[in-house]
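Engineer: Residues per chain, in single letters:
Number of protein chains: 2
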Amino acid sequence: MTRELRVVPLRGIPELEDGDDLGALLVDAAARAGGLEHADVLVVAQKAVSKVEGRVVQLAGIEPSSRARELAGDTDPRRLEVILREAREVLRVRPPLVIAETRHGFVCASAGVDASNAKGPDTLVLLPVDPDASAAALRDAVRQRCGVEIGVIVSDSFGRAWRRGTTDVALGVAGTAAIVDLAGQLDSAGYELHATEIAVADEIAGAAQLVMGKTDGIPAAIVRGLQLGGDGLGSELVMPRERDLFR
Amino acid sequence: MTRELRVVPLRGIPELEDGDDLGALLVDAAARAGGLEHADVLVVAQKAVSKVEGRVVQLAGIEPSSRARELAGDTDPRRLEVILREAREVLRVRPPLVIAETRHGFVCASAGVDASNAKGPDTLVLLPVDPDASAAALRDAVRQRCGVEIGVIVSDSFGRAWRRGTTDVALGVAGTAAIVDLAGQLDSAGYELHATEIAVADEIAGAAQLVMGKTDGIPAAIVRGLQLGGDGLGSELVMPRERDLFR
Chain A
4 MTRELRVVPL RGIPELEDGD DLGALLVDAA ARAGGLEHAD VLVVAQKAVS KVEGRVVQLA
64 GIEPSSRARE LAGDTDPRRL EVILREAREV LRVRPPLVIA ETRHGFVCAS AGVDASNAKG
124 PDTLVLLPVD PDASAAALRD AVRQRCGVEI GVIVSDSFGR AWRRGTTDVA LGVAGTAAIV
184 DLAGQLDSAG YELHATEIAV ADEIAGAAQL VMGKTDGIPA AIVRGLQLGG DGLGSELVMP
244 RERDLFR
Chain B
4 MTRELRVVPL RGIPELEDGD DLGALLVDAA ARAGGLEHAD VLVVAQKAVS KVEGRVVQLA
64 GIEPSSRARE LAGDTDPRRL EVILREAREV LRVRPPLVIA ETRHGFVCAS AGVDASNAKG
124 PDTLVLLPVD PDASAAALRD AVRQRCGVEI GVIVSDSFGR AWRRGTTDVA LGVAGTAAIV
184 DLAGQLDSAG YELHATEIAV ADEIAGAAQL VMGKTDGIPA AIVRGLQLGG DGLGSELVMP
244 RERDLFR
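First to last, the sequence lines map onto chains A and B. As numbered in our numbering, residues 4 to 250 make up the first sequence, in order. As numbered in our numbering, residues 4 to 250 make up the second sequence, in order.
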């Protein structure tokens, strides 16, 4: 893990619609940035993936339950209803903030439900049904079109307990390590390392965010120079309930 | 935030001792990697900073309190005693794991107390007393020696609630933004963004970790190409108690 890294933003990807060929659009954008190389990791914003997968809901058709009305405070109860449908469990509520566990096991604001930038506040975007499958499909699309083996990370911005601000993390992973476990490895002085699971996929997602921004319409980036290998899953990054001290 | 980033590891920094001139060693290492440039962010591992600041404790001289013995389980109670002295509050205990709030307000494993790699398990390294001051001192040292204005982040590996593995985060920050607040900015479709504090300094620390590793003896990296500006503090990244839903 000691070579220089490059993090390259992918520009010129149009506003996305259900059914668009995101793999082709990403390959084209990467070609304009010099092309994809073997062992690159392509980080793609969750919202881009969700839009082409049709994970979009119009508030207009939503009938809020009594629980949604109760949790909504003075916010739109239809939005709360969509969040509750995506949630396995609501952990904390301080309207308009809802921290919930999604059906995937992710703990995040609004169960990952977010307003669509392009379509305005009455259109909500949900998380992909299976972000690891989304990542694998994009990896396969790149392999087919370019003949290169890359890793793919589907990323989203999550808040954290105890720290301000969001950082981007990996929801879905394919073709690259999610976690690097150094347990049993020796450090530079020859002592064995303990407690050494590094969530590399989250760090890669965060690095990509630094060039993607939120306002620039750049939904993807290439991270080049990682020497991780591996073939992890985003689901590995979810802390198993029985090991979780903060539930 | 849309240029390409480079993340460059700094090699050849020797094992550090109390009183070493870390600024000079970093400038020399950066020179071997092509030199520091205006607006670079230099990320330095907390352990390197702590060692030159003498924040090192020998277990041999420690007398454990009864509470330390109680919390230690079958681990070394002297280690628990050191952790308790660094902690403002203990949040969770599952021996040998202790999650505590440090006097700085950071919530992390062992109140940031860690075994020294180089000196073996009987030597513990504590967090710097004031990581923001440590970062500012390194920034000033670089300005004095090279005449360039850089940002500095003092980083450490923290676990997270709900997610497996550690990611590197910013304990101390100088000369660069800690948080970018997009509230009120318009996204690419012209809608105003909400809930948009991005913890950029944590993402930068995580990006640097990807080239620093834990076993390679690379305690620092340069992150180049950020267009953040700003002059934040690591202390800004601590969630104020009254806003914290997970205490």
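Honestly, the hints are just simulated from the structure, not real lab data. It should be emphasised that the depicted structure is a prediction, and the values quoted were computed from it without experimental measurement. Hints are not guaranteed to be accurate.
[Unchecked claim] Restricting the straight-line Cα-Cα distance to at most 25 Å, the calculated cross-link-like pairs of lysine to any residue (SDA-like) are:
no.	chain 1	residue 1	chain 2	residue 2
1	A	Lys-122	B	Leu-236
2	A	Lys-122	B	Glu-200
3	B	Lys-122	A	Lys-122
4	A	Lys-122	B	Ala-186
5	B	Lys-122	A	Asp-184
6	B	Lys-122	B	Leu-28
[Said to hold, decoys possible] A few chain B positions that, by computed beta-carbon distances, are all more than 12 Å from chain A:
no.	residue
7	Asp-31
8	Ser-69
9	Arg-167
10	Asp-184
11	Val-214
12	Pro-243
Heads up, the beta-carbon is just placed ideally off N, CA and C, and yes, glycines get one too.
Engineer: Sort out which numbered hints this structure fails and list those numbers smallest first.
Structural biologist: 1, 3, 9, 10, 11 and 12
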